[in-house]
Amino acid sequence: MTDMTVTNARSGGLSKIALRWILYILLGIFALYYLMPLFVMLTTSLKSLDEIRTGSLVALPRDVTFDAWRTAWSGACTGIQCEGLQPYFWNSVLIAVPAVMISTLLGAMNGYVVAQWRFKGANIIFSLMLFGCFIPFQVVLLPMATTLGKLGLAGTIPGLIFVHVVYGLGFTTLFFRNYYVTIPQELVKAAKVDGAGFFRIFWSIFLPLSLPIIVVTVIWQFTQIWNDFLFGVSFSQAGTQPITVALNNIVNSTTGVKEYNVDMAAAIIAALPTLLVYVVAGKYFIRGLTAGSVKG
Amino acid sequence: MAPILDIKNLKKNYGSTEILKDINVSIEPGDFLVLVGPSGCGKSTLLNCIAGLEPITGGSISIAGQDMTEVSPKDRNIAMVFQSYALYPTMSVAKNITFGMKVRGVDQATQDKKLQEVAAQLQIEQLLNRRPGQLSGGQRQRVAMGRALVRDPALFLFDEPLSNLDAKLRVEMRTEIKKLHQNLNASMVYVTHDQIEAMTLATKIVVMKGGVIQQIGSPAEIYNRPANLFVADFMGSPAMNLIPAKTRANGGATEIVIDRPAAEPLVLKDTQNANLPADVILGLRPEDIAEAGYRSGDNVQTADCMVEMVEPAGADTYVVSHLGGKQVTARLHAETTATPGAALPMAFDLSKVSYFAPETGARLN
Amino acid sequence: MAPILDIKNLKKNYGSTEILKDINVSIEPGDFLVLVGPSGCGKSTLLNCIAGLEPITGGSISIAGQDMTEVSPKDRNIAMVFQSYALYPTMSVAKNITFGMKVRGVDQATQDKKLQEVAAQLQIEQLLNRRPGQLSGGQRQRVAMGRALVRDPALFLFDEPLSNLDAKLRVEMRTEIKKLHQNLNASMVYVTHDQIEAMTLATKIVVMKGGVIQQIGSPAEIYNRPANLFVADFMGSPAMNLIPAKTRANGGATEIVIDRPAAEPLVLKDTQNANLPADVILGLRPEDIAEAGYRSGDNVQTADCMVEMVEPAGADTYVVSHLGGKQVTARLHAETTATPGAALPMAFDLSKVSYFAPETGARLN
Amino acid sequence: MSEWLERHVPKVVLAPSFVAILFFVYGFIAWTAWVSLTRSRLMPKYDIEGFIQYERLFAAPRWDTAMNNLFIFGTLFIVISMILGLLLAILLDQKIRTEGVIRTIYLYPMALSMIVTGTAWKWILNPGLGIEAMVRGWGYEDFKFDWLVNSDLAIYTVVIAGVWQSSGFVMALFLAGLRSVDGEIIKAAQVDGIPTWRIYSAIIIPSMAPIFLSAFIVLSHLAIKSFDLVIALTGGGPGYATDLPATYMYAMAFSRGDIGQAASSAMIMMAVVFAIVVPYLYSELRAAKND
Amino acid sequence: EPQAEVLHWWTSGGEAKSVAVLQEEFAANGGTWTDMPVAGGGGDAAMTALRARVLSGNAPTAVQLKGPAIQEWYEEGVLADISAVAEAENWANLLPASIAAHMQCEGSWCAAPVNVHRVDWIWANADILEANGIEMPTTWDEFNAAAEKLQAAGITPLAHGGQAWQDATVFETVVLGVGGPEFFHKALVELDQDALTSDTMVAVFDQMRTMRGYVDDNFSGRDWNLATAMVMNGEAAFQIMGDWAKGEFMAAGKVPGEDFLCASTPGDGYLYNVDSFAMFDVDGDDKVAGQALLAELIMGPNFQEVFNLNKGSIPARTDVDLAAFDVCAHTSAEDMSGTSERGSLLPSYAHGMALRGAQSGAITDVVTAHFNSDMSSADAVQMLADAVANSM
Ligand SMILES: Nc1ncnc2c1ncn2[C@@H]1O[C@H](COP(=O)(O)OP(=O)(O)OP(=O)(O)O)[C@@H](O)[C@H]1O
Ligand SMILES: Nc1ncnc2c1ncn2[C@@H]1O[C@H](COP(=O)(O)OP(=O)(O)OP(=O)(O)O)[C@@H](O)[C@H]1O
Ligand SMILES: [Mg+2]
Ligand SMILES: [Mg+2]
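Chains as they are written, first to last, in the working numbering: chain A, 1 to 296; chain B, 297 to 661; chain C, 662 to 1026; chain D, 1027 to 1317; chain E, 1318 to 1709.
In case anyone wonders, no lab produced these hints; they're calculated from the structure. Idealized CB from N, CA, C, for every residue including glycine. Treat each hint with caution, since some may be false.
Said to hold, decoys possible - List of simulated lysine-lysine pairs, DSS-like, C-alpha gap at most 25 Å:
#: 1; chain 1: D; residue 1: 1170; chain 2: C; residue 2: 672
#: 2; chain 1: C; residue 1: 669; chain 2: C; residue 2: 865
#: 3; chain 1: B; residue 1: 410; chain 2: A; residue 2: 120
#: 4; chain 1: A; residue 1: 192; chain 2: B; residue 2: 542
To be verified - To spell it out: a stretch of chain A is covered by chain B in this simulated footprint if at least three of its residues, at any positions, have a beta carbon under 8 Å from a beta carbon of chain B; those stretches are:
#: 5; stretch: 187-196
#: 6; stretch: 199-208
All chains should be modelled from the sequences, with the hints used to inform the complete structure.
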């Protein structure tokens, strides 16, 4: 919309050009602020340990070495196993992918019901679900552990998927609900007259419409689940630990020697999938937000 | 023959708000029922109730002789065209049209045959692979119709199907719907805001206001003998002139006296209606006021009127003057020489005059 | 007097698409210029170019004698009313109207005075404290007008200001705008889809198609002497009948021969126009075809026609029959007894007939 | 039966999620409330002892600090993130050629967890290693930026890192909001002679109220749950100067083996959440009723 | 076939190698070792995981646990009894009495010790001391004098990382040095209110305030190993830290006694930090067998030697040959047996050997609050008493 700067672009006088420059400089300064930590992490990961001990942390590396990256991926010790992040990476994938898919699908269904099939009390149910977004996760740790034990899911990947789905539902439902309320109710009515039922309407009509909001939800959920540490550390056991736990084991050891370059390389590796998601889907993210989820 | 649609004592509340109050309508097979009324009067709600898309609060609805009050929309044997068309945005035109059949498990061959038939009828064959987003308003409208037509239902329901179109297309589509009705001899319930549409399409018009039916009748009845002030004012464009007047008996005839600013009252003589109360509101359509010399007949009387404004509109020219404290519009021929500020002799044709009681608004003659 | 708006050789491209091609228009102070044309023909774009909201690709625009091509919108001394009204959603009606003055540093007393004036004129005094969201469509429209009116600009621009209103309100607002124009004697450029609006409001009409001006002229010129088939078909509702015909000279007059299905050709005699090519398209408005006996004059000729469809529309009744392979609509009086399938004697009034070349579509007479 | 099913299918679909939330959110809150009334230590016990845990909580100076910090951090974090997010959105909305790249740069911190970036921030903010050292290295020997190690100022470094992480997301929200403002309103304002900055300040921004609300909710949710952020950046230090309720609670529950105390602090946290969310839900519900 | 899932927080290179020794022995004896490392916060994260695991009825076989926490878990009724192994191996005679006490729960053995870390070490850069003519201090006054001298010479006297546990580490060495072993026991083990509010405690806080002055400005939040690096690089002279700091010196190729010096902090006494493994109640014979085997191996002389050589600590059992160990380890071992006889072998409060979590946490809160502000010693003492009372 706001193409205020384009108006009269032809009449761009000196002040216009100056304004433009100030704009880009401002944007650049902010970009520096946002990039600084990444820069520090990246340069550190490319330095040798000696250089880190002796040089400035914010300086560029003198000799670039990728050893730390190799170590972090496949050699760093996270306990007695020195296989790096690799095995944990796949655990995270196994947890995050199904959890994102299930919570998104459930959120879509719930949002569809709340927005398009309103029944008495639907709004109350929705608000109750929404409140679930705000519960501090530390609160649920202990009772959840007991419950998972009772369900026989303790320490398993399905257990972790389950936990992430349950506590992701509030947000996914909220996103879809806010998107679906902008779709005219007539669509459901038309399909009803056409003879389609609840699931048919969802599957054939609403789901194909939902791409923008699916992108938003998937980004949000994937980020949350991939980066989760608390649930990962509490509800896993040997063999099911996600990458954040491994990363923590590398970065946060208390009484050992610290290899900062490996730490940083590991940190970046652990963040790569989420970064990738943001870079690839970032454009759709704004679009999806614009498409409806922004409202209240 | 049993009525195709029979609505008895229908009530519909949203929460504690009464939206529809005691609606009774029945239509015969082949009828084209048009629902008109101001925005928010409950037209769409009534249609939704008929379709079963909204639960009703009281009364009953039967379609083709069967009580449908509790039946779900898909089993009511109706087809509906929505105001916003409600096309499925992600499906192609062909899929939009065949979706209902697919859901119902109609076999592919029949689907294809029906699709071809309907597409030919609506002249949308070349659009079948497009998405609704790639269609113009008129094309969308035809697709929405197509979705209804493949059904062959007992009853068609249309909710303002033409309101999104521009004037030109609307006229074309109107003719299209009319032909369709005649060809299929289908029964239809049609909601519209547009009086011309109502007048040209309907075999029966229902005028509603605030959830209450004001009048049911043929287009001519509604137009010529509106049941009350509301209907008189609502139907017809430009609207009927409604002029406060006094009456006095004069022999067998009635004299109608209308105040004029800065001039003597205008007196008209009505030989058809007698026994009117002293105060009435006189209803006269613009086309019943013409330039003197352009209208003749028993009930035509001439008087000079001061012209306030002249609006040429192509085929006709409208002239506004002041009578009885109201602006009065007359429809003159296109070549009139009337000019604002000058007096013009005008012919008042009382053959189709209406009278209303000022307090209740009810028709008096 | 210098023209208030003078557009010379205006070109506007979006990327490589030419939206406006060599537009030349000029209007005098007090003119009411109406832009019409099918959707997407570039009307809004032209308006935006005049307002300076879109940079132009070529040509020049001057307003009140000053070259404004490079000037920013706020310095062009124009006011604009948008199709969607574009009211500031978070401000009260009063603030919506006065905000522009406030920004320009007009003192409070003047602001209040202006506001009161305009509010009285538009009858929105009691709405001043509401938010746009709490207004009906018609009220919003008036607020949008108010925002323009407090400006006292050299030129008003209106982009389909009435298109969102229902028919009844539209008629009222049309009258309102007409009065406004007469009272202020302001210069206006007005975009609309609605021919009636165009005909009743304009002092000058521009018909556009695909970014090219088709005809500029007074409403009567456009209506009675359309420059080509497009204009003829586009203006008027129902549209002008455009009937393929052959001509042959017969003495000083011309004989027009029109094919009919299952009947002898219809032959009409035109004494006004000579030297027509052998193949023409004959243009005749519905109101120039009447029931025999209801129209007289030098150029009226009668012939029996087969009636296909009858559409009563309150004030008039439209009758459709088939001539020259086309549907031909005639406007008959409301009491006609025409019935589908029967022959009816009809009177063709050729006094305002148009002829077009079938290949180029250009007007011939 | 099938008729019944057909009519109630929406409820049936919603039911599992609803039951899950009921149990796993509200059930657990109830559980926590219960435990907060006991003397649970290492593991939960269920003998109710009254409000002793709350008495202990309010007697603990560290809890005072944590609540104070929540107030300072929460306010600054939310306000700055909103302002910065809005500013960035407006800047980015000026038809920037490289918008895609810049937007990604602003947005990516949301993708990283603080476990990852905490160390980097710790270095950057550390006077001996990061910015201060760097600027001094350029020759400005008097430059001082030692908030991280200053008990009174350390909480502000948490704000800096928090804003870094979240403001990009807020920017995305606002950008989406700006993009959905009706273009004709802006054109109308331009014709009305309103300068660009007034168009933003008087017309566009006020019309984005719902987005402010969404952003506020998301941010307060992040502020209250901020845990990784503090642990990674300051570990709650210097001393416990940057403790937040979430870290306090975690410390009690898991390093101190004082679950009763943790539960009582959780209940207070939840009360704060409640105070923020309920008005939001209320307005949300009312809006739903109106449409 | 013995099975063991082991939850521990030894994840970094050196530590991991040390555990790997155990794993190899375990495997050599036919066992299957499943590793479950959770680092962070000195075991906080591991404890979080442990709690969840126990509550879900899925406890790990063996868990790195220490100090009173062992008893606490025992009281929850979730620990297994390994007395059979302990008695067969005669642990009672192999361990110093106070350390053995930690491994026993109501008379039965419930944990196996791995090592003994000494906490009250002071490390120094040999070159700096020599250059400034300073001896290793034996009293806090000497330390203060040396620090003043160093400060005058522009050298940071004390390298310190401002994290709560590091503050607490310094604090307890000061308590031991200023108050003596008996006072330490009264104040930090028995939590005697009189001791906590005594003038001695005021003096302790005074010394802490003095030491705060010897620390550089940027100490806050610094990791301990970065502080060690400061000593190594000659930026600072002393560091007070447990013997794991030695590993950092060694990793950088420094030689004890030449490049860096080690000595116990001023005052008599020995603060130990014993790592141990507790066995949890588990189902399945293979796991129970794993527990027995693990317990046996942990106390085995071979493992005790190899592990501690790696880790920088000394073996928990007293009969291991120390020939392969360095001078600092020798000092540590000698002091351990000496103090054990004198009754001044004391559990480290800062490392969770003396007190339960709630109490030690409450004390640490006060210590770190005092150290990081300008609170007066009197206020600190009052706060300490209140906090301890509130934590009960
Ligand atoms: N879901 C609802 N809850 C409460 N009130 C409703 C609901 N739907 C419609 N209404 C109200 O019912 C009345 C009738 O609405 P309806 O849509 O039937 O009007 P309409 O005659 O179709 O108007 P329009 O011509 O504008 O389409 C209106 O006053 C409307 O506000
Ligand atoms: N920003 C743009 N970029 C590219 N093409 C555009 C843009 N804006 C408009 N157009 C195209 O320019 C043409 C003219 O658009 P314009 O809005 O002027 O039509 P219009 O005559 O106002 O139509 P309507 O009556 O539907 O409002 C259309 O074909 C449209 O697709
Ligand atoms: Mg409706
Ligand atoms: Mg337009």
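Each hint tested on the structure:
no., hint, result
1, 1170(D) with 672(C), "violated (60 Å)"
2, 669(C) with 865(C), "holds (17 Å)"
3, 410(B) with 120(A), "violated (40 Å)"
4, 192(A) with 542(B), "violated (56 Å)"
5, 187-196, "holds (count 9)"
6, 199-208, "holds (count 4)"
Of the hints listed earlier, those the structure fails to meet are numbers 1, 3 and 4, in rising order.
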